[in-house]
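Listed below, chain by chain, are the residues.
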Amino acid sequence: MRRPIITLLSDFGLKDPYVAEMKAVILSICKEALIIDISHEIEKFNIRMGAFVLAQAAHYFPEGTIHVAVVDPGVGAARRAIIIETKRGLYVGPDNGLLMLAAENDGISHIYEIANPKYMLKRVSRTFHGRDIFSPAAAYLAAGVAPRMFGPEIHDPVKPSFSSPEIRDGMISGEIIHVDGFGNLITNISEKMLKSAEISEGDILYIRLGEKRLKVRLASSYEDVEINAPLAIVGGTGFLEISVNRGNASEILGARAGFPVEVKKTEGE
Amino acid sequence: MRRPIITLLSDFGLKDPYVAEMKAVILSICKEALIIDISHEIEKFNIRMGAFVLAQAAHYFPEGTIHVAVVDPGVGAARRAIIIETKRGLYVGPDNGLLMLAAENDGISHIYEIANPKYMLKRVSRTFHGRDIFSPAAAYLAAGVAPRMFGPEIHDPVKPSFSSPEIRDGMISGEIIHVDGFGNLITNISEKMLKSAEISEGDILYIRLGEKRLKVRLASSYEDVEINAPLAIVGGTGFLEISVNRGNASEILGARAGFPVEVKKTEGE
Amino acid sequence: MRRPIITLLSDFGLKDPYVAEMKAVILSICKEALIIDISHEIEKFNIRMGAFVLAQAAHYFPEGTIHVAVVDPGVGAARRAIIIETKRGLYVGPDNGLLMLAAENDGISHIYEIANPKYMLKRVSRTFHGRDIFSPAAAYLAAGVAPRMFGPEIHDPVKPSFSSPEIRDGMISGEIIHVDGFGNLITNISEKMLKSAEISEGDILYIRLGEKRLKVRLASSYEDVEINAPLAIVGGTGFLEISVNRGNASEILGARAGFPVEVKKTEGE
Chain W
3 MRRPIITLLS DFGLKDPYVA EMKAVILSIC KEALIIDISH EIEKFNIRMG AFVLAQAAHY
63 FPEGTIHVAV VDPGVGAARR AIIIETKRGL YVGPDNGLLM LAAENDGISH IYEIANPKYM
123 LKRVSRTFHG RDIFSPAAAY LAAGVAPRMF GPEIHDPVKP SFSSPEIRDG MISGEIIHVD
183 GFGNLITNIS EKMLKSAEIS EGDILYIRLG EKRLKVRLAS SYEDVEINAP LAIVGGTGFL
243 EISVNRGNAS EILGARAGFP VEVKKTEGE
Chain H
3 MRRPIITLLS DFGLKDPYVA EMKAVILSIC KEALIIDISH EIEKFNIRMG AFVLAQAAHY
63 FPEGTIHVAV VDPGVGAARR AIIIETKRGL YVGPDNGLLM LAAENDGISH IYEIANPKYM
123 LKRVSRTFHG RDIFSPAAAY LAAGVAPRMF GPEIHDPVKP SFSSPEIRDG MISGEIIHVD
183 GFGNLITNIS EKMLKSAEIS EGDILYIRLG EKRLKVRLAS SYEDVEINAP LAIVGGTGFL
243 EISVNRGNAS EILGARAGFP VEVKKTEGE
Chain G
3 MRRPIITLLS DFGLKDPYVA EMKAVILSIC KEALIIDISH EIEKFNIRMG AFVLAQAAHY
63 FPEGTIHVAV VDPGVGAARR AIIIETKRGL YVGPDNGLLM LAAENDGISH IYEIANPKYM
123 LKRVSRTFHG RDIFSPAAAY LAAGVAPRMF GPEIHDPVKP SFSSPEIRDG MISGEIIHVD
183 GFGNLITNIS EKMLKSAEIS EGDILYIRLG EKRLKVRLAS SYEDVEINAP LAIVGGTGFL
243 EISVNRGNAS EILGARAGFP VEVKKTEGE
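Residue numbers (this note's numbering), protein chains in the order written: chain W, 3 to 271; chain H, 3 to 271; chain G, 3 to 271.
Bear in mind the hints are in silico, worked out from the structure with no lab data behind them. Check each hint, because a few of them may be wrong.
Note that the list lumps identical chains together, so a pair holds whenever it fits in one copy or between two copies.
Each computed BS3-like pair below joins lysine-lysine, with the alpha-carbon atoms no more than 25 Å apart [stated by the list, open to error]: (1) Lys124 - Lys89; (2) Lys124 - Lys161; (3) Lys124 - Lys194; (4) Lys33 - Lys267; (5) Lys214 - Lys120; (6) Lys194 - Lys217; (7) Lys17 - Lys161; (8) Lys17 - Lys46; (9) Lys120 - Lys266; (10) Lys120 - Lys17; (11) Lys197 - Lys124.
Model, not experiment: these values are computed from the prediction.
All chains should be modelled from the sequences, with the hints used to inform the complete structure.
What follows is the structure in structure tokens.
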């Protein structure tokens with residue numbers, strides 16, 4: 003049984019008919035598609051958050067998966083609609099940086115503009131290209147239409163504005179890139195970067211988080227510390243996370259996405 | 003592969019086991035059904051909002067789709083359970099107006115009461131006909147049982163209380179029928195009605211919204227105006243919407259569903 | 003067509019990539035699985051609420067369904083990962099009581115520890131066994147691997163801490179075990195127990211709810227009472243529920259999960 007997987011990510015929320023309309027359009031064109039929601043609770047217009055959540059989830063999907071992502075404040079204006087073909091799958095959405103983090107993780111092969119009206123709904127609205135352009139594109143891709151059929155190849159996609167963490171004198175400087183529903187503060191500091199700074203589990207870390215300073219253990223489980231105590235841990239994301247055992251680190255530490263983070267191993271303790 | 007589509011809409015929310023119980027009942031009767039959620043975040047007991055969201059989404063589903071909708075404050079009392087057969091699909095739910103807007107858009111063929119206990123769960127509860135009556139009915143319909151097998155045809159369905167917009171002296175009077183998750187104020191004024199009033203994109207409109215007066219352009223994209231500025235636009239719904247570029251119009255303009263709206267083109271400007 | 007059903011329940015919420023990552027892992031191992039969400043809005047770390055919602059929903063799924071549940075504050079520490087084989091299906095999750103209520107309703111056959119790394123993701127994270135251990139286990143079970151292949155049988159599972167209601171002198175003492183999205187106060191007092199106390203529909207009941215006292219009818223529908231008036235009813239859960247017609251009983255009566263409830267039939271009225 004051939005069953006192409008199409009994932010959906012947006013900032014639409016789940017109250018309105020919008021997500022269902024996208025699914026209806028997809029099933030009208032490719033009735034055997036298996037549609038999986040990644041998230042529709044991306045903060046409105048927050049392209050960076052959408053890019054992070056998409057990149058995290060996309061990594062686990064089978065090869066050949068088609069990802070549709072719509073966080074699209076520039077809908078209906080000059081921004082292009084694109085398909086990115088990667089070594090692992092296909093990404094469909096606005097050319098505003100949203101797709102690039104996930105696509106670069108996969109390895110980008112080609113990027114095409116979606117320009118051919120043959121693969122759009124007959125009536126394209128001013129405000130809902132998720133339904134009228136991106137969903138039909140994904141469904142036609144799932145039905146076997148080649149990416150190059152949708153429009154011209156492009157070489158100047160919009161890049162997302164993610165900063166890279168740095169190490170200097172054993173101090174890692176990064177930032178909080180996402181706060182999850184538990185309040186875990188997910189940094190952009192990878193496990194590999196911790197190794198470069200010779201930090202390993204059990205070490206005591208000095209962490210500067212915005213204005214706050216913490217001294218916490220790099221734990222191997224939340225229960226390494228008391229209930230309501232803070233800790234650092236390499237989370238399921240593969241990044242350093244600052245958490246509170248059975249508590250909400252974001253609320254307790256007053257930290258949000260975008261906060262700068264500095265991490266350093268304590269010496270001689 | 004035959005794969006009947008069943009959609010679900012309710013005011014149940016996603017916290018409780020209720021939506022999953024409906025899906026479990028459907029899959030126990032018709033295991034090849036493809037179940038798609040339209041929305042479970044309809045405001046509690048808000049039949050008008052449910053009717054609007056259902057009608058919007060149903061339009062995009064393939065012919066033959068079976069829609070189950072449950073916003074049902076009268077459950078267990080005198081209100082009937084019905085199946086509406088239309089030119090495009092089938093609707094299952096309470097006879098309280100919830101299904102009628104979508105069904106009338108499709109063109110109604112027949113309406114049947116669900117009365118035959120053979121097509122209900124063995125134990126029908128007092129409070130959850132979504133699970134005990136509507137879900138089994140949808141699943142038996144998906145499995146090929148004809149609508150007339152469920153009970154007698156009826157001719158007096160409950161109609162929903164939607165008002166129609168009016169034009170007089172070039173002034174369109176309507177109302178806000180839905181506020182979406184972005185805060186967009188969706189009116190019941192269609193693109194066709196704007197044409198009747200000789201209003202087209204680029205025109206400056208005077209809008210009265212409850213107590214507030216606005217002078218805004220009928221835009222062709224949100225980005226036609228500055229960030230945080232209001233605009234009018236024919237949205238993805240096909241209706242006139244009052245929005246704020248990258249902002250929440252409902253919060254900024256203090257408007258909610260039910261607010262009266264008057265729209266008039268400015269002259270000589 | 004063989005289409006194994008896998009359900010998911012968690013306290014992850016729907017904002018983050020976590021639920022999609024679980025689905026991606028499942029589909030990578032068993033591409034024909036049909037994945038149904040029970041709820042991802044379980045209150046963070048609330049094992050009792052998760053156990054209740056799982057037990058309610060699981061009852062309606064077809065035989066052979068595989069249920070994955072993750073409310074797992076002890077992830078990465080000493081708690082075991084388990085598979086429970088019952089007369090009706092399979093349960094996969096942490097050994098912290100979460101699965102036991104549903105599994106005991108079905109009738110438990112065997113419990114196995116998940117210990118064989120062959121059936122886990124290659125890299126098991128510290129914090130996300132839902133993705134790295136439970137989802138692969140469910141997918142391998144769906145693909146036909148026998149439960150005993152995952153690890154040793156165990157006989158000392160952690161039991162959940164649910165109290166049982168009691169009858170003395172015609173007074174039933176129980177507690178609120180769940181407050182649903184409508185604000186309905188669901189007790190642990192079953193219809194059968196009401197019968198033991200000779201309580202039937204139409205009877206007037208004295209109810210003590212925390213500090214409050216109510217005198218309400220055991221109704222046969224919400225509409226048996228005025229709008230905004232309280233009532234008692236045997237709900238869709240099969241338990242006695244305290245509700246308010248078209249209102250939120252939890253807010254109006256100031257009651258939450260865990261509140262003690264006493265119910266007694268009035269005499270001579």
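Here's how the hints hold up against the structure:
1. Lys124 - Lys89: For lysine 124 and lysine 89, the Cα distance is within 25 Å only across copies (21 Å; inside one copy 32 Å).
2. Lys124 - Lys161: Intra 30 Å, inter 32 Å, cutoff 25 Å: neither.
3. Lys124 - Lys194: between (49 Å within a copy, 17 Å between copies)
4. Lys33 - Lys267: neither (55 Å within a copy, 44 Å between copies)
5. Lys214 - Lys120: Neither. Shortest intra-copy (55 Å) and inter-copy (43 Å) distances fail the 25 Å Cα cut-off.
6. Lys194 - Lys217: within (21 Å within a copy, 56 Å between copies)
7. Lys17 - Lys161: between (31 Å within a copy, 24 Å between copies)
8. Lys17 - Lys46: Both. Shortest intra-copy (14 Å) and inter-copy (12 Å) distances satisfy the 25 Å Cα cut-off.
9. Lys120 - Lys266: Neither way: lysine 120 and lysine 266 sit 56 Å apart in one copy and 36 Å across, limit 25 Å.
10. Lys120 - Lys17: neither (31 Å within a copy, 34 Å between copies)
11. Lys197 - Lys124: This pair counts as between: shortest inter-copy Cα distance 20 Å, intra-copy 54 Å.
Hint compliance for this structure: hints 2, 4, 5, 9 and 10 are not met, and every other hint is.
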